[in-house]
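Start from the sequences, fold in the hints, and give me the full structure.
If you're matching them up, the sequences are chains A and B in order. Here the first sequence is numbered in the numbering used here, starting from 1 and rising by one per residue. Here the second sequence is numbered in the numbering used here, starting from 1 and rising by one per residue.
Each hint should be verified, as a subset may be incorrect.
No copy labels: a pair is met if it fits in one copy or bridges any two.
[Stated by the list, open to error] In the PhoX-like style, the derived pairs of lysine-lysine whose C-alpha atoms are separated by at most 25 Å in a straight line are:
| # | residue 1 | residue 2 |
| --- | --- | --- |
| 1 | 42 | 113 |
| 2 | 13 | 142 |
| 3 | 13 | 113 |
| 4 | 142 | 10 |
Derived by calculation from the structure, the hints in this document are not laboratory data. In this text the structure is predicted, and so the values were computed from the model without any measurement.
Protein chains: 2
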Amino acid sequence: MSENLQAELKQTKPFARVTAEALLSVLRTAAVLEHQLTEVLKPYGITHTQYNVLRILRGAGADGLCGREVGERMVSRVPDVSRLLDRMEETGLISRERDPLDRRHVTARITRKGLALLDQATPRLEVVERARAGQIPTGQLKQLIEVLNTIRGNP
Amino acid sequence: MSENLQAELKQTKPFARVTAEALLSVLRTAAVLEHQLTEVLKPYGITHTQYNVLRILRGAGADGLCGREVGERMVSRVPDVSRLLDRMEETGLISRERDPLDRRHVTARITRKGLALLDQATPRLEVVERARAGQIPTGQLKQLIEVLNTIRGNP
DNA sequence: TTGATTTATATGTTATAACAGCTATTGTTA
DNA sequence: TAACAATAGCTGTTATAACATATAAATCAA
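Set out below in structure tokens:
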């Protein structure tokens, strides 16, 4: 069965406020998920940040996206998109080309190699997804999404 | 009002599965929270990782904890507790002492300076906590905690 | 058109995270 | 007790994140 957060973090005292427990639960759950994503992606030689970029660029299709746009679509904002894309270009997962219409922009596109990697890795991640959340009723997941929306929406 | 995740990440297509949206929401919400925690703690010269250590050591009291125990209690596991504690000792937030009974252990304890920093910073973080989650009914927060427990519990 | 401003990306630097291997200490057991 | 294994922490190295600043191109205003 599911252990609670207090036990997981070996805390001796229960949480003082339910709000504190809720936000810490979010942080803790994300850490657990990120750790597992990292593990699953390790055999493919990419981080979950890079996987995220590949998903974004596949979504953009042949038009590609410039670095700033990639940054805006990331799950967690990266302040150094340039070098992230550098590395991915170096490993051949993406290509980059300076936009002739606006030479400030560098358009990034996913390569065949990047697409192939996505095709390989995605089913593995979907296994994780089903294992973690597949047994939870849809209604509960929708409520989860709603509450998290609210938390993010309150600045 | 609260924007949804699809709009936030400028996705053109809706999520294929509610499970995917739920897990991404968790990751995204945690990233937003961590960013804000980092901002709030910046004036105090510590990261949220270090804040977490201070909370843990305050909870342990005068007995302190050894490095491994600190690591086990962290919200997100850090594989380099030694140097994390090095830095905190250097800035005077914690003290360390080799355990005379088992000389492999190094017991870490929070210092007065560390306690003072906690006293200063904690109210600021509670402001964030209230702002983010204070308006959400307790019942909803408890459900959130439950679902997240389930997600973490499914390995 | 010139100069100022904005936008997009790149670069230099520092700090931290991640990974692997190493040392010291204790516990186990033949 | 000697040899081996397990545990805790440290250290070296590399990679990435974070921050500030710089460069280049486009836009705007006079």
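Quick rundown of the hints versus the structure:
Taking the closest pair of Cα atoms, residue 42 and residue 113 come within 25 Å of each other only inside a single copy of the chain (17 Å); across copies the shortest separation is 40 Å, beyond that limit. Proximity of residue 13 to residue 142 under the C-alpha cut-off of 25 Å is restricted to the inter-copy arrangement: shortest distance 18 Å between copies versus 31 Å within a copy. Proximity of residue 13 and residue 113 under a CA criterion of 25 Å is satisfied inter-copy only: 23 Å between copies versus 51 Å inside one chain copy. For a Cα distance limit of 25 Å, the shortest separation of residue 142 from residue 10 across copies, 20 Å, qualifies, whereas the shortest one inside one copy, 30 Å, does not.
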